Each structure stands twice: as structure tokens, then as C-alpha cells.
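One line per chain: the protein sequences are A and B, in this order.
According to the numbering used here, the first sequence is numbered sequentially starting from 1.
According to the numbering used here, the second sequence is numbered sequentially starting from 1001.
It should be emphasised that the hints constitute simulated quantities derived from the structure, not laboratory data.
Being a predicted model, the structure only gives us computed values, none of them experimental.
Hints are not guaranteed to be accurate.
Facing chain B, from chain A, some residues (calculated, C-beta under 8 angstroms) [as the list claims (entries may be wrong)]: (1) P125; (2) K127; (3) V128.
Just so it is clear, CB atoms sit at the ideal spot from N, CA and C, and this is done for glycine as well.
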Amino acid sequence: MTAARREVLLLDLGLGNLRSVARALERAGAVVDVSGRVEALRRAPRLVVPGQGAFRDCASALEGELGEALLARLRSGVPYLGICLGMQVLFETSAEAPAARGLGLFPGQVVRLNPQGVDALSGAPLKVPHMGWNEVVGSHPLLPAREHFYFVHSYQVAPTEPGLTIATAEHGERICAAVARDNVFACQFHPEKSADAGARLLERFLESGWS
Amino acid sequence: MLARRVIPCLDVKEGRVVKGVRFVGLRDVGSPVEAAARYGEGGADEVTFLDITASHEARRILLDIVERTAAVLRVPLTVGGGVREARDVSDLLMAGADKVCVNTAAVGDPDFVAEISARWGAQALVVAIDARRVAPGRYHVFTHGGRRDTGLDATLWARKVAQLGAGEILLTSMDRDGTREGYDLELTRAVVDAVPIPVIASGGVGELAHLAAGLREGGADAALAASIFHDGQHSLAEAKRYLAEQGVPVRPWRSQAETQAGEAL
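Next comes chain B alone, as it looks inside the complex (with noise of 0.2 angstroms):
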């Protein structure tokens, strides 16, 4: 059976993880390939990188952080953010990435997805929608970090790019973005039923509660949070743990020393 995937999420901006990630015996707390290397060897299904540098000149630097992440990592890496060009998405997974995530730029130009995916396959492109409740029952697709409503309705649009070819779906609630109310279980709900991909879950996780919502209620195929992560309010193995008691099938994250002494058993 398919385990569900829990994906630490990584803000990067100039190089720097954004938020604090809070790790005993880090070197340096504010390297990504550090952070994202610590959370691969822990137990994350995937790590998820989204870049909210402005500047066209850091795309360097995280095409940088992008490769030296790639040399380490050993589970699958996503990056999204800026991702406006073909050439974007090659420049990211000639670096290493294994899927990009584009946003604004599939909005504007929904072309642009059946592009990627023809070209790179549907497995290396994610398309990120953010969506705010407008009326009840109701949702928008926003862009510009939630500020611009587009006007597109979340399901309709999820089933759109589903149909151009992406090949998952990262829906983010901004409505709960940062409350750490969990997410928002009607709309994962109701783009799930409504795409034949899968659907990764963000927005809003507090507890370990949160994510085991958002895959049974919600029917996320993935569960995505940062900050339980990166605050050290939670591991990795916690959440693996919490979750397969909860009857959530998960990948079982064994540490080495215990995937050790089973092989000598």
C-alpha cells in the first residue's frame, strides 16, 4: 500500500532558510542543505524547497544551494518559487531538483504547464495553488503570496492543470497559512475528489493532529508542514510514529542503529 508522505517545506530567501530551523548540533541553522540533508537522513518522505527571493541575481545562489543540496539528499527534493521560464525549470533539475513547483506563472499562462510537462514529464512538475474561501463552500485561487485573486475556482483550476499534465497538486489554505489551526480539511477535501493526481496538503499545521486530518478527512496523498518541523516542536520520527498509530500507513523510519541491528538479526 502507498504510504503517506510527510514533507518538510523549507522557505528560502538569498541562500538563507527563512524561518529558524532549530536543530541541536547544526552547524550552521541557516543553511538549507544542512536543514534539508538533517530532515532526509530523519525520516522526510521528500523535502520541499520554495525560494521567496525577488531578485533575479539569487537565482544563482539557489541553483547553488539547489545542487549541493542534491549531492546530499537522499529522498526526492521539490523547488518552487520564481519558477517563471522554461529555462527556470531546466536551470533547477539540471541542478539536481527532481520536481519543480510553478504558481503564478501556470495562472498567467496555463500553456506553460502542458510545456513543462511535455518536455520534462509529468513527474518533474508540481503545480502550486494558493486558495482562499470567498464565500462558503467557495474557493479562489490567489497569486502574489495571497493577495491577488484571480478569480479562478480552486477545483475547476486543479482540474485544468490536472488535465495539462501536472503530475501533483501542492494546495496551500491561506487562510491558514501560519494560524497553526491545521488545514483546511473542505478544501483539500474537495480538490482531491475532484483531480485524478495527487494532492499534497499545506497550510495551517499546529500538531501532529493536523497532518493525520489532513490525510484521512482531507485525503491528501502528502502532508506538507515547516514550522513543527523546523521549530523542534516535532520530529520526523515523531510524526511517523503518531501517525502509523493513528492507522495512517507510512514509510517506517527506522534510525541506523536500529535498521543495524535488524539486518543482523
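This is chain A alone, in the form it adopts within the complex (with noise of 0.2 angstroms):
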């Protein structure tokens, strides 16, 4: 288990603080470099995008160079983990900004979420953001069965491609709480806010083998 193998880039997109996340990596073992340059996208052995905020923002900085470069990396089948905004940016396009386009690598749009009923235990109604701690239930070599996970969002994607989903959590609707396929793993919660469950997760991403 050599340094080497662990090493990880965390990309840089100006999207606010990334030490929570450069942090929970350096726990669970990782050599972190913190980037936004595209020579260091292109050598990087992994990947890891977070991100808060808005898409717009997430997409105008992928704009260009860099997000060409991402695009071609995660085709090449670099491990890729992204992690709120970091998934929402995988697909085509956002209700929150319209106008901006997302790497296109999944089929798919980001939607508001929309939460049918009321709480069951308070009669109060869904609030959005969905924020907290929610069970998330699925199936994948990074995840458990059954954890519970930190989310804070207000937008969930929709993929349109059967088999991307691999993990869901229910708010008044169903949400998409993880999507993977091959070597590119992406959640809507976040495992650098999870505590114990979002440690394991992040070791068992920094694990070669695990697509």
C-alpha cells in the first residue's frame, strides 16, 4: 500500500472551501493535491470533485480546457469521485441554471426536488433544502447496504439511462443519491460531512478495484 497509489487530486473549481473534503480524504489515507490547473487533471491517478453552490458556477469552470480535459478522463476511465455539485455537473443540464450546460458524460438533467406529502411523524410538510442525515439504500462496492449519509441540496439528478442510479434515498420522492458506472462513482451527500460512514467510503474509494 504504497503513498503512490493513493494519490488523489482534488480539482480546484474556486467553489468555496475544499479543506473538509481535502481533510476526509488525508484521513482515510490519500496524498492530496489540490489543483485547478489541466496539467494536473491530466496526471492525476484519481479524481475527486466536490462542490457546493451553484451549478452555474460548477458548469462556467468547467467551461473550456478543463472541463475537456475532465471529460476525456473520465472517458479514459480514471477513478472519479464526485460528490454534489461534482455529480450534478455529469450530466447534460440543470433547472437551476438553465442556460448552463453540465459535462454531458450521463444522460439526464438536474431537476428541483419536489416532495409529495407530509412528514409522517409532525403532519409538518417536506422542507427543501433536504438536508441532514438520510438512509441511503443501494447497491455498490464503495457503499453499505444500508447508511445513513449527509445530504444538504435542493436539486437531484434524474438520469434518463436505466442502471446509473445504484443508490436512493426517499424525501416525499425518491432521490438519486449515488450514480456509478465503471470507474466513476458520484453522490449527492456528502462523505466528508458522514462521519464513520463517510470515511469508510472514502477509503474504500481510494482502494484500487473497486468499479
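Dock chain to chain to rebuild the complex, using the hints, since each chain is given by itself in its own frame.
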């Protein structure tokens, strides 16, 4: 288990503080490089793209060469972990910013959450943002079958290709909690804020051969 | 199903926890960093710091505390108190806070709420509302530690900040704060039913049953409490177990040993 095997590029798109993701990766055993440069992206053995905030900002940070280089790496099979916007930007467009273009690696849109019904405990309306710990149910080598992870979002991806969604959560509707294909794994929740459950996911991501 | 959150709140003044935290085995009982980490590893779903330092110089001490806390905490951290301008928000987020809590500045300048939300996203913005009952069924927003009546109706103000882009509301009953008589459930429910965003109930928790009432009758998304955790009356694990027994969906909390035993199976 050499250090080289666990090198990770945390792609800096200028969307806020990356330190919590960096620290969580380091705790999981990664050697983390933080950069937004194309050269770093081209040679990284593993990629992590986190992101909070606006889809528009994320999409515009990936316009041009950086986005093309990222798409090329994704298609060539680099192990990729996308978190929140790092998941959403893999799709085509978002209702949050209709003019912005995602990478389009996966077919589908990002849509506004639309929880139906009322809360079973209190009868109160279900809230957006979907904020807090929700049980993620699914099947993937990086995920336990059932575990609570921390979410904070108002939009979710709606993949149009069957089989892409590998985990879901419930919040007045079925929420796509994670998508995966080959070496790409992307989740709507935040492993870096999800205590032990998140730590285990990151550790597994750093191990090779999970896909 | 989304779990209800239990959030311990630490009052911090000049870098120290104000009310004593009585953890067994804590090296420094006054350290917010150690207390937050302990809560985080003990089952807290989030941790909140409220800075009650008045002086501007002490902001640097707070930022250092936030930075050191964020380095060890593995659940979200909210920081509030004294957030007056965009620079304060930026400083706290860069120090490692996940959410920033704004109170008086939002009342004085509602556009500040919209500005923060546009720049950093609704997920980073909690608007604190300190409310006091002024007549049966009527609540006003108070500022300056509950001393100044703004004349704003609490429910209408909550709706307004939600429209302006707040991601969440931290609702404190100034009538109940420190009384240990339980949350003001009427106030909590009125605000919960009025806004589309999550509401954190705060003020008055003296026993575990109060947490359950705030979440069930009050309808809050999260229950914030201070002294019942700080003075060792109850642990987070006890609170979680109690809520689960009461039928409240919570994130199950397992100790390290239990987790390892579970993985071995």
C-alpha cells in the first residue's frame, strides 16, 4: 500500500472551501493535491470533484479546456469521485441554471426537489433543502447496503439511462443518492460530513479495483 | 426517510466555552474544539457554535477555534454570532464552517440574506430568529439578546427570510431559553408550517422528552440543546436511543466497538 497508489487530485473549481474534503481524504489515507490546473488533471491517478453552491458556477468553471480534459479523463477510466455538484455536473443541464451546460457524461437533467405529502411524524410539510442524515439504500462496492449519510441540496439528478442510479434515499419522493459506472462514482450526499459512514466510503474509493 | 437531527450548541466567548462542559476525560473542559470533537464522535448530527464575544479583535480567536474544530470534526459545523458583513461570512466559511448563522444583521438589512445566499448558496446560510410572545398566539422577532423588540411578526419574518434565500431557520424562544421548561411548541409549529425550509427548534430543553416534543408536536427538523448535554445530564447516545424508542427517526449512533463488531459479521 504505497503512498503513490493513494494519490488524489482534488479539483479546485473555485467553489469554496475544499479543506474539509481534503482532510477527510487524508484521514482515509490519501495524499491530496489541490489544483485547478489542466496539467494536474491530466496526470492525476484519481480525481475527486466536490462542490457546493451554484450549478452555474460549477459549469462555467468547467467550460473550455479544463472541462474537456476532465471529460477525457472520465472516458479513459480514471477513478472519479463526484460529490454534490461534482455529481450534478456530470449530467447535461440543470433546472437551477437552464443556460449552463454540464459535462454530459451521463444523459439526464438536474431537477428541483419536489417532495410530496407531509412528514409522517409531525404532519408538517416536507422541506427543501433536503438537509440532514438520510438512509441511503443501494448496491455498490463503495457503499454499505444501508447507511445514513449527510445531505444538503435542493436539486437532484434524474438519469435517463437505466442502471446508472445505484443508490436512493426517500424524502417525499425517491432521491437519486448515487450514480456509478465503471470507475466513476458520484454521490449527492457528503461523505466528508458523514462521520464513519463517509470515512469508509472514502477509504474504499482509495483502494484500487472497486469498480 | 430523513432523520431528525440532534444538535448540541456551544456558547463560545473569547475562544472558551462559556457554560462548563462536564465531560469525563476531557483534557480542557473549556475548549470548544475538544467539546465539539467529543460531541461529533459521540453521535451529534451537527455541532453549532454561537460566539458571544463582543470585541472585534476576538474574531481572530474565533476563526482559529473554527479552523481547529473543522480539522477534527466529521459532521457539519454551524457558526453564528456577530456576523455583520459579507467578510465575516467569508472568513468563517474559509476557516471551515459549513454554515453561517446570521441574526441581527439580517433584521437590519434583509438584502444581506439575499447577498449571502447568492454568493455562497442557501446551504451555507442559517437565519437565526429570536422570538418572544407578545400576546396570545403572537410572536415578535427580538434582537440584542432578546432585549429589543423589532415589531416584526416571527412567522412573517421567517417566510421573508426563506424567500430571500435562507437555507434553514434556527428558531429560539427567548421566553423559554434557559428555563428548562421545553421548547415553545406553539411558536415552533407556527414557523414550521409557514416556511418551506427546515427549522431548528431551540430554547428551553431540560429533558429528553422536550426533544421529542419539539420534533413531533413542534414539527421541527432538528432539535438544538445546550445544557442537558453540557452538564452531563444526558449523552447524545442516550438522546438518540430515547428518540428512536419514541418513534422519531434518527441516525442510529453506534460506538466504535459496535461498528467494528457489525462489520465483522
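Against the structure, the hints:
| no. | hint | verdict |
| --- | --- | --- |
| 1 | P125 | holds, 7 angstroms |
| 2 | K127 | holds, 5 angstroms |
| 3 | V128 | holds, 6 angstroms |
Hint compliance for this structure: no hint is broken.
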